[in-house]
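A.B. asks: Single-letter residue listing:
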Amino acid sequence: MTLRGGRRALAALVALALVVVGGLAWFLWPSTPQVRGQDVAIPVLDGPADDQRVTLDATYFPPASGGRAPAVLLAHGFGGSKDDLRDEAARLAGRGYAVLTWSARGFGRSTGEIALNSPDYEVKDVRQLVDWLARRPDVRLDGNGDPRVGIAGGSYGGAIALMAAAYDGRIDAIVPQITWYDLADALFPESTGRGAEHGVFKKMWAGIFFSAGGGGLSSGGSAGGLAALTGGGTGQRAGQGTGQGTGQNASSGADGQTGADGGNGGDGGNGTTAASRQAQCGRFQSEICDVYLTIAETGRATPEAVKLLRASSPASVPGRIRIPTLLIQGQRDSLFPLGHADANARAIAATGAPVEVAWISGGHDGGGDADTEWVEERTTAWLDRWLKDSPVPGAEAGRASGVPAPAGTATDTATDTTATAAPSGPDATAPATGTQDTRGGGSVRGVQGFTVSRDGGRDPGTRRAVVVHATAPSYAGLGGTARSEVRVSGPVQDIANPPGGSPASISAVPGIGSLLGGSSANLGVSVDMPGQAAVFESAPLPKPVHVTGTPTVRIKVYGTGEVTLFAKLYDASGGRLAVLPSSLVAPLRVTASESGTEATVTLPAIDRRFDAGHRLRVVVTTTDMGYATPAKPAAYRVGLAGDTLSLPGDASLTAPATGPAWWTWAAPLAAIVVAAGLLAAGRRRTASERDGEPDGVPLRITGLTKRYRNGEKAVDDLSFHVEKGQVLGLLGPNGAGKTTTMRMMMGLIHPDEGEIHIFGRRVVPGAPVLSRLGSFVEGPGFLPHLTGRANLELYWQATGRPAEDAHMEEALEIAGLGAALERAVRTYSQGMRQRLAIAQAMLGLPDLLVLDEPTNGLDPPQIAEMREVLKAYAEGGRTVIVSSHLLGEVEQTCSHVVVMRRGRLVFQGPVGDLLGSRSPVDGPGPRLEDVFLDLIGEAR
Amino acid sequence: MSVNGDAAVPARASETPARASATRAAGNGTRTADDVARPGGGTDAAGDGTRTARGYAPGRTLSLRVEFVRQFRRRRTMAMFGLLLALPWVLVVAFQFGPGPGGQGTSSLRMSDLATQGGLNFAAFALSVSTSFLLVVAVALFCGDTVASEASWSSLRYLLAAPVPRDRLLRQKLIVAMGYSAAAVTVLPLMALLAGTIAFGWNDIQVPGTGETIPAADVLPRFAVVVGYALVSQLVVASVAFLLSVGTDSPLGAVGGAVGLVIVSSILQAVEALGSIREFLPTFWNTAWLDALAPEPDYSGMIKGVAVSVTYSVILIAFAFRRFRAKDVVS
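Chains A and B, in that order, are what the protein sequence lines are.
Note that the numbering used here has the first sequence beginning at 1, numbered continuously upward.
Note that the numbering used here has the second sequence beginning at 1, numbered continuously upward.
It is worth saying that the hints were derived from the structure and are not from the lab.
Don't be surprised by glycine CBs; every beta carbon is placed ideally from N, CA and C.
Treat each hint with caution, since some may be false.
[Said to hold, decoys possible] DEER-style ranges, computed between Cβ atoms:
| id | chain 1 | residue 1 | chain 2 | residue 2 | range |
| --- | --- | --- | --- | --- | --- |
| 1 | B | Val-225 | A | Gly-67 | 38 to 46 Å |
| 2 | B | Val-264 | A | Gly-613 | 40 to 48 Å |
| 3 | B | Gly-260 | A | Arg-904 | 39 to 47 Å |
| 4 | B | Ala-217 | A | Leu-541 | 15 to 23 Å |
| 5 | A | Pro-860 | B | Gly-260 | 46 to 54 Å |
| 6 | A | His-750 | B | Trp-89 | 50 to 58 Å |
| 7 | B | Gly-260 | A | Gly-67 | 26 to 34 Å |
| 8 | B | Leu-83 | A | Val-20 | 52 to 60 Å |
| 9 | B | Leu-220 | A | Ala-12 | 24 to 32 Å |
| 10 | A | Ala-641 | B | Ala-224 | 50 to 58 Å |
| 11 | A | His-750 | B | Leu-64 | 23 to 31 Å |
| 12 | B | Ala-224 | A | Gly-500 | 56 to 64 Å |
The whole structure should be built from the sequences, with the hints applied where relevant.
C.D. replies: Quick look at the structure:
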């Protein structure tokens with residue numbers, strides 16, 4: 001039934017195709033319809049004297065739930081615009097928030113100039129956005145003019161969230177991501193605690209920042225690259241935009257020109273505009289532009305610069321952010337490293353406000369794609385918790401818990417100078433050193449939760465990085481809950497600052513770090529130039545060490561004058577490349593002396609497991625590509641002041657255990673159940689095989705019917721029986737159903753109706769009684785690669801019966817193949833195969849022998865011989881059934897005959913009866929041929 | 001007719017013995033009938049109505065040894081094993097011929113670049129280049145050919161009429177085919193290990209990508225896991241081929257069908273838009289064994305791969321049995 005099989009296979013294929021197409025459609029079909037935003041232009045007044053008119057380009061997404069809903073302000077990253085946040089805003093609106101996104105002044109289609117989140121400009125803008133929200137009919141109010149509102153945003157947008165929270169008491173919760181605590185510290189980091197005034201200029205990041213702001217008139221999406229780079233939205237898109245980012249960097253001058261032509265840049269107040277000035281400053285405020293031009297030229301922080309940058313920083317408003325804050329900071333972030341979130345967390349927690357800290361895998365250096373969903377989920381959860389009334393059963397009722405009531409709601413925050421308890425630690429008193437806190441032990445009071453994204457390997461399926469989120473109930477800070485010490489050693493080494501500061505060592509390269517790193521696996525390329533690096537190394541670690549926080553090391557610098565150095569901590573595994581965790585370096589400036597100046601270096605904050613057998617390697621270099629270094633050639637000597645490297649750790653961070661996916665055990669079990677079902681349902685009833693008389697005739701066929709697939713009957717209600725000792729001839733023209741009947745006798749095909757009994761046993765496929773049947777039906781079947789003898793021997797062995805019962809030699813004599821027996825069957829002629837097949841049928845001298853056209857392909861002597869063989873065979877009480885269309889042969893061989901025509905029985909009886917019954921009166925004697933033709937109704 | 005004529009010569013020569021044998025068979029008839037009638041001759045001793053021939057028991061039919069021998073002398077079996085055994089040596093020669101890895105230490109850390117680092121690296125490389133196609137073909141050949149070729153030779157009906165019960169026939173054939181497949185999948189990495197060790201020495205394994213080294217002694221048990229996984233991951237191919245083999249009389253159709261399914265699955269696997277659905281494609285996890293050779297072995301992918309593989313093959317094999325039971329054998 002290959003045809004049927006073919007149809008089934010076709011059906012299966014069609015089903016498979018349907019499943020595949022359906023699955024594709026289901027996956028690719030656009031999901032829920034987008035919430036539509038309404039573009040609005042919101043005019044605001046800002047500036048120190050509230051006299052500058054700016055129009056903010058905003059989009060309002062009404063809550064999908066209807067009614068009065070809490071509001072969320074979504075702020076974009078530097079160089080971006082409100083368009084970056086469209087999707088996130090729509091999703092939040094779908095979750096029942098009134099969402100407002102806007103392009104900050106100086107970005108997108110908003111007018112005005114960039115003032116770097118200044119309290120006089122951007123912060124005032126946001127306060128008026130809150131006013132605007134308070135007037136919306138679908139925004140929930142806490143009081144008159146006081147909407148229930150939260151702010152979320154990354155980088156530049158995160159800073160405005162913090163600043164606005166400090167200056168506007170109406171804001172209820174914020175989620176600042178990958179943003180700064182002190183912008184001065186971020187651009188002029190210094191790792192020995194000397195503050196931004198002595199910091200090393202982060203020139204590449206500053207340049208990217210500045211050129212992004214110089215982008216001039218950006219028509220919506222054109223600033224997308226850098227917008228993403230500097231943290232549009234969640235900051236997770238950072239990795240994707242970096243390629244374009246650097247490109248845009250190069251062409252920023254031209255963009256500046258465009259801005260000037262559009263007349264949309266600076267105007268009015270900052271009067272002295274010339275085209276060249278526009279080209280230089282783009283949309284930056286003149287004051288900021290001047291400061292940048294100065295510091296970019298000298299590479300040194302000026303007091304004015306520090307003052308200006310700090311004014312735009314949460315560091316300038318200690319104790320004034322007193323609302324629930326979720327701080328999300330990136331581990332791969334050479335712009336705003338983890339220390340900034342740490343300082344923010346300390347400052348806010350000191351007020352008693354609920355704070356949680358999360359270190360995600362990405363950051364401004366990219367590679368955080370695996371955390372994107374998690375960040376959005378956590379952001380939403382945080383907003384849900386604090387903006388909606390106890391959305392989660394058991395969660396603290398947000399606003400009711402110990403959040404200090406915002407002072408002076410909707411009043412001028414200039415008067416809001418409430419003194420709160422001084423934050424503990426050095427942060428509040430010395431904001432500049434906040435990011436260099438090196439205390440160990442204990443936790444930061446008030447911070448309620450701490451999550452660290454850790455490398456969970458790769459998803460075995462997608463081959464993408466997998467992040468596991470380790471959590472701790474309290475936040476230990478950068479000093480960890482406990483510190484351990486590892487000995488490092490190395491001689492005092494001579495290192496040189498190359499003339500012009502080039503070639504420079506490479507660690508994180510802003511903008512392309514993600515292209516090289518790709519994932520959170522810290523595979524960024526870091527290169528130390530020979531002659532510029534002093535290397536100190538530990539012995540292989542006896543057991544793994546997990547570092548969470550800022551390791552510290554004490555070095556000694558010999559030489560003269562002020563020395564700029566970069567310290568890094570490598571994980572050296574013995575492989576070809578040592579890994580610089582998160583590609584971070586700690587810049588420092590010390591005044592060297594010939595007798596050696598000691599400095600305690602706070603290395604970059606990381607979360608990393610250093611495996612057993614790996615070495616910790618401290619490298620001190622004179623250059624780094626991302627920073628401004630002195631151009632003057634110089635040489636110093638660097639050694640260790642103490643031989644220990646102090647490593648913080650947080651043992652309370654635990655990652656949820658991840659077992660194998662549930663389906664890995666469920667699917668095979670289900671498959672076994674299905675398989676068992678399939679087999680049980682497919683079992684044919686074989687119970688009746690046992691019935692039947694114990695002493696049956698060799699063959700009894702009753703009512704046998706078999707239909708072709710098209711319904712035509714191959715065998716139609718056939719009944720006959722064969723007695724012991726008979727040689728029965730089964731006669732019929734082609735297509736009479738002889739072979740089909742024989743196949744049913746062998747259990748090869750299933751009859752549609754009727755039964756066959758052999759020696760009283762019903763024939764079903766594989767019925768044991770078939771072992772008493774020898775058969776040769778429709779040609780021989782041998783393994784062509786085996787010899788004739790091997791075929792017969794293996795066949796007999798396949799029956800599992802004792803070898804001595806085979807009567808192999810007699811059978812082989814009947815085959816009469818002689819030496820050909822030892823040749824492969826594929827070399828046999830048709831007649832030889834035929835004789836071998838008959839011999840196979842006679843193996844074991846079966847009680848019933850069924851032969852289908854046995855004389856086909858035999859020559860006359862062999863036919864004659866075969867005739868004798870069959871007669872002799874039946875004489876011993878055995879039974880032989882021979883089908884044939886050769887009438888003469890039947891006449892000479894058979895004692896009985898069954899004549900079939902079109903599946904039906906036409907005659908059964910002794911050959912003599914057949915001849916006698918139709919004996920013509922006039923003829924010389926009955927001829928079987930005549931009788932036969934008569935019977936089957938053919939014309940003579 | 002000339003063929004017949006040739007064949008007739010030995011036939012005629014043996015005419016007399018044949019006749020004699022016929023007579024003897026007839027003469028012995030009574031004796032044999034007595035044998036059959038003798039109590040204990042069959043499973044039921046009720047006179048002539050014995051249910052079976054003497055010594056017949058369904059559980060003894062088509063023993064594994066017999067089936068193994070039946071398949072072993074086939075040319076395609078020999079050719080496939082010859083190919084699998086020769087391939088590592090061909091690769092060794094190929095690596096010897098090519099220009100050496102340019103500049104020590106600067107060459108990239110792909111698996112093919114590391115193949116000459118030692119026997120283990122070479123074996124891993126040999127396995128990685130052959131799992132996607134060569135081993136698939138080998139497994140499809142052994143499992144797809146086994147029933148279909150019997151059908152095409154017509155020997156299937158004589159086995160069934162012997163009678164070998166259908167379930168038993170299928171089971172024995174499946175076991176032997178799986179055995180040959182397993183041998184094929186095992187013999188290649190083992191020979192590669194031998195060839196690589198002779199050619200490149202017994203060195204610690206160097207991990208692709210990072211270039212880290214793992215001591216050879218540590219990695220040897222993992223290598224066993226790798227080979228075991230390679231076996232399990234071919235189960236789907238084996239069972240698809242087997243199912244097709246049961247359904248068709250054309251051995252090449254069954255083999256080609258199974259290989260075709262692997263190709264289709266590999267193509268679908270490349271469609272990113274399918275997302276995590278792809279994890280349930282039968283070929284998706286075929287390279288998951290690479291995770292076992294990482295410095296930190298990660299078995300989660302292999303566990304998923306085993307689950308997918310076992311799930312598919314159990315159901316497919318159940319279908320094969322169900323189908324064969326109900327099938328009308330007409331070939």
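A.B. asks: Next, verify each hint and record whether it holds.
C.D. replies: Consistency of the hints with the structure:
Taking the beta carbon of each, Val-225(B) and Gly-67(A) are about 59 Å apart, not inside 38 to 46 Å as hinted. Checking the proposed 40 to 48 Å range against Val-264(B) and Gly-613(A) shows it holds: the Cβ atoms sit about 45 Å from each other. The hinted window of 39 to 47 Å between Gly-260(B) and Arg-904(A) holds, with their beta carbons roughly 45 Å apart. Distance hint check for Ala-217(B) and Leu-541(A): the Cβ-Cβ separation is about 21 Å, which falls inside the suggested range of 15 to 23 Å.
Remark: the range hint 46 to 54 Å for Pro-860(A) to Gly-260(B) is upheld by a beta-carbon distance near 50 Å. Restraint check, His-750(A) to Trp-89(B): a C-beta distance of roughly 52 Å satisfies the suggested window 50 to 58 Å. At about 58 Å, the beta-carbon gap between Gly-260(B) and Gly-67(A) misses the expected band of 26 to 34 Å. Separated by about 34 Å at the C-beta atoms, Leu-83(B) and Val-20(A) break the suggested range of 52 to 60 Å.
Separation of Leu-220(B) from Ala-12(A) is about 43 Å and departs from the stated range, judged on CB atoms against 24 to 32 Å. Distance hint check: the CB atoms of Ala-641(A) and Ala-224(B) are about 51 Å apart, consistent with the given range 50 to 58 Å. Range check, His-750(A) to Leu-64(B): about 28 Å between beta-carbon atoms, so the 23 to 31 Å window is met. Checking the proposed 56 to 64 Å range against Ala-224(B) and Gly-500(A) shows it holds: the Cβ atoms sit about 58 Å from each other.
This entry does not satisfy hints 1, 7, 8 and 9, going by the numbered hints stated previously.
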